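Use the sequences and the hints to build the structure in full.
Going down the list, the sequences are from chains D and W.
The numbering used here numbers the first residue of the first sequence as 91 and each following residue consecutively.
The numbering used here numbers the first residue of the second sequence as 516 and each following residue consecutively.
Keep in mind that the hints were calculated from the coordinates and are not lab data.
Keep in mind the model is a prediction, meaning the values are calculated, not measured.
A couple of the hints might just be wrong.
Simulated pairs of lysine-lysine, DSSO-like, Cα-Cα distance not exceeding 27 Å [as the list claims (entries may be wrong)]: (1) D:Lys92 with W:Lys714; (2) W:Lys806 with W:Lys778; (3) D:Lys175 with W:Lys714; (4) W:Lys536 with W:Lys627; (5) W:Lys792 with W:Lys708; (6) W:Lys778 with D:Lys175; (7) W:Lys708 with D:Lys175.
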Amino acid sequence: MKLDRLLDIPGTECLLPAPAGAEVSGAFTSDLLSDVMAHAAENSLLITIQAHQNAIAVATLVGIRAILACSSRPIPADMLAAARKEGLGLYCTPLNQFDASVAVARLLADR
Amino acid sequence: MNPIPISAEQSPLLFLELLYKLRVRDVMARDLVTIRRDATMRELQRLMQARRVSGVPVVENGRLFGIVSIEDLLQALDAQRMDEPVANFMAANVVTIEDDMPLAIAISYFNKYEYRRFPVLNARGEAVGIVTARSINTRLLVELFRELARIENQYVLPLSENASCYFQTFRVARSDFENAGSAATEIKNVLQKRGLDPKLIRRVAIAAYELEMNLVVHSDGGTLTFRADEGEIQLIAKDQGPGIADVDLAMQEGWTTANDWVKSLGFGAGMGLPNAKRVSDEFHIASELGKGTTVTVRDVLPPRPLQKPPA
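Spelled out as structure tokens, the structure:
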């Protein structure tokens, strides 16, 4: 799935585009960063409520391509800067983790 | 003779670099106390007492005419000539320094000349400051502390980086969530540069991150040491306390002592140590309450395929 398709989800905004044409092959939903660390697959999208720069570090280490921050959590500037430095995409949605996961699952099935 | 009265062989490189990086304008005192030529020596005495200085440049409209020191004042006092103008006592041939000279040159001036202060001129020849041993020392100390802090915050001790063995120790501070993950990221970068298997890199990165986060969340601060050679990769997390009361409990998935605000960041789920163990070929933990904890993990590298001899 091309990451810019996330913008098809109502209300979803792109705060930082991933490198042009970047794709993910799946998604992982969790707010426990250790859980993300242990179980998220590479080349996936992280759906989470953890809008802080530690989420960027975890994503970078496990090879996550982009983060979808849920429930319109405000994204702090240091998180945005860290994502830019690591070349991660950063998206924000008003949906909660469940609804965002459902929407992303539909997009993934729709390719 | 040394151009600077400091041994270039024995001083740390960092210090010598500072001597050339810093300019005179960085170390000079800018709140310049000056006096006019037609002021009396009595006025000079009051000025020196009020501003607690022992030498005063004689300046009018930015132009430097000379310098009067406490020795000149004593001479005037002794000769009872305190009502005479400063111009009669000042030293007119003043050794000055330019504001964009390196600090090293300013220091060498203290050796070359017997003066204790040098007025500083800018490119237009205006007096803009004064350099004394005190102004140099103060600024140098500040800069040295700043450099030290910078070096400590970066990880310390990159001992060797050659083809066969890599060794690096990262300092990790308690509750430093700002830099948390930087050691693991650096380790991952090093392994990627070595062209290792991405699956293995991921395993080591996970172990490094969990150990680093444990130091941030639970320890009083410690170090994460990373060593890689042809045969294996080793990570050692060592802290100075507080130690783990029950190591078996700590190894159980889901068991945690993390507080609520740490949990709200997505940490402290009781998965750190089990995760680190799961991604390691060897895992060892030793802890003593009140002393500290040392965790060692090892990942064995697969033997490198033999290079084909050139046809």
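Hint check:
With a C-alpha separation of about 24 Å, the suggested pairing of Lys92 (chain D) with Lys714 (chain W) holds against the 27 Å cut-off. For the hint linking Lys806 (chain W) to Lys778 (chain W), the alpha-carbon distance of about 25 Å falls within 27 Å, and the restraint holds. Restraint check for Lys175 (chain D) and Lys714 (chain W): satisfied, since their Cα atoms lie roughly 23 Å apart, inside the 27 Å limit. Simply put, Lys536 (chain W) and Lys627 (chain W) have alpha-carbon atoms about 21 Å apart, close enough for the 27 Å limit, and the pair holds.
As the CA atoms of Lys792 (chain W) and Lys708 (chain W) are separated by approximately 25 Å, the hinted pair is consistent with the 27 Å bound. For the hint pairing Lys778 (chain W) with Lys175 (chain D), the CA-to-CA distance comes to about 26 Å; that is within 27 Å, so the pair holds. Our distance criterion of 27 Å between C-alpha atoms is met by Lys708 (chain W) and Lys175 (chain D), whose separation comes to about 18 Å.
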